[in-house]
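Trainee: Sequence:
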Amino acid sequence: MYRGLLFMIVIWSVTGFNIQVTSVKHFKKDDPLFGQTIIESTDGVFVPSPKNGALFRCTLKDECVEVNSDDEKPKGLRPVASVSSLTSEEEQHVMVFIKILKYKEVRYVNNNNNNNNNHYQGARTGQDAGTEIAFVLDGSGSITCDDFQRAKDFVYNVMFNVWNTCFDASISILSKKKQQLSLQCNFAIVQYGSMIRTELSLLDNENGTKTLEKVKEIQQIYNLTKTASAIHHVLTDIFIPENGSKIDSKKIIIVLSDGVILGDDMNLTDVLNMPQMKGVTRYSIGVGDGILTKPKAIQEMMEIADRGKFFNVSNYAALADILSSLQQSLIGIEGKKVFITVLQSTLMLLCYFYSK
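So the sequence shown is residues -16 to -1, 1 to 340, counted in mature numbering (1 follows the signal peptide of the UniProt record, and there is no 0).
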């Protein structure tokens, strides 16, 4: 009798027990770096947007709403927002800094810039030339669908991670008249096989999320391996002002291939010696036995790359192993920022508080 009563009590307790689950909320914006930095607050979460310099306050009720400052921001300049907080027992203050460098004239101290078109030489006024990185992606028939997907994933990850550095527009003051600016990166992708196709141009970098989506949507071309023609296409159709290239930008080509050139009417050496190649930094990545076991293929890939910039891996799955090394190398180039003299410069620091 007691056992039956105990069993009934347990069943009754179980049927009256509830688990309360708190819903998970996801906040999204067009900026691929949105959410990289957050400040928790008693009035929601404050999230700066590195791409456009805006600050958002995100709550479960109102989603993400841009926090407006009373200060007028100069037109044509990209602000950079950063936040910090101070909490006391009675109230919380969130302080927002917006940094803007306003300058009228710049003069380059070093001369490592790409001057492919000499008639454009001279002082560049009020411009941030940045870095342009073009991937030359092998889509020939020797690459399986799975391996081509791994190649796209590799390009996607390099772009996303390098953007974390290139979109950092913080300003380091070296002296009263010398500034060090971190530059912006733009990407392009050219795929080659039996034909040459621009998958992503330098003009397609306005929206980071859509840009990365385009990488996922690339369809393989198959057949031949026209590496030389693909590099030629970068020089004549990608790194040109009409398609978004800036004359004084640092330019980088990254060739990713699994085999020797096949069915290409152009000569690799001739392409690499073109005048437009002056000042361009070149990387090559050789994948699999089609590169590693064939001296001619290795010779081609080493000829493409600048000294010390040839990578090789045993298969496409191993691309992840060189991801960090390549990123560090690219960021290292971007980190060698151009020292400039800024004349009649003004560093504007807009500061305001959000208090609750």
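Simulated from the structure, these hints should not be mistaken for lab results.
Please note: incorrect hints may appear among the correct ones.
Computed cross-link-like contacts, DSSO-like style, restricted to lysine-lysine with a CA-CA straight-line distance of at most 27 Å [what the hints assert, rightly or not]: (1) LYS230 <-> LYS278; (2) LYS12 <-> LYS198; (3) LYS13 <-> LYS45; (4) LYS280 <-> LYS230; (5) LYS230 <-> LYS9; (6) LYS230 <-> LYS198; (7) LYS293 <-> LYS262.
Cβ-Cβ distance ranges computed for the label pairs, FRET-style [stated by the list, open to error]: (8) GLY125 <-> ASP305: 42 to 48 Å; (9) SER308 <-> LYS278: 25 to 31 Å; (10) ASN251 <-> LYS9: 23 to 29 Å.
Owing to the predicted nature of the structure, the values given are computational and were not obtained by experimental measurement.
Glycine included, each C-beta is placed from N, C-alpha and C at the ideal position.
Trainee: Are the hints correct? Go through all of them and say.
Mentor: Verification of the hints:
1. Restraint check for LYS230 and LYS278: not satisfied, since their Cα atoms lie roughly 38 Å apart, outside the 27 Å limit.
2. Taken as a hint, the LYS12 and LYS198 pair is honoured in the structure, with Cα atoms around 19 Å apart against an allowance of 27 Å.
3. The suggested pairing of LYS13 with LYS45 holds, with an alpha-carbon distance near 17 Å, which does not exceed 27 Å.
4. Only pairs whose Cα atoms come within 27 Å are accepted, and LYS280 paired with LYS230 is rejected, the gap being roughly 35 Å.
5. Between LYS230 and LYS9, the direct Cα distance comes to roughly 41 Å. Violation of the 27 Å bound is thereby established for this hinted pair.
6. Using a Cα cut-off of 27 Å, the hinted pair LYS230 and LYS198 holds, with the two alpha carbons roughly 22 Å apart.
7. A hinted pair counts as satisfied when its Cα atoms are at most 27 Å apart, and LYS293 with LYS262 qualifies at roughly 17 Å.
8. One distance hint, 42 to 48 Å for the beta-carbon pair GLY125 and ASP305, is violated here, with the actual separation near 25 Å.
9. For the pair SER308 and LYS278, the supplied restraint of 25 to 31 Å holds, since their beta-carbon distance comes to about 27 Å.
10. Checked against the hint of 23 to 29 Å, the pair ASN251 and LYS9 fails, with Cβ atoms roughly 58 Å apart.
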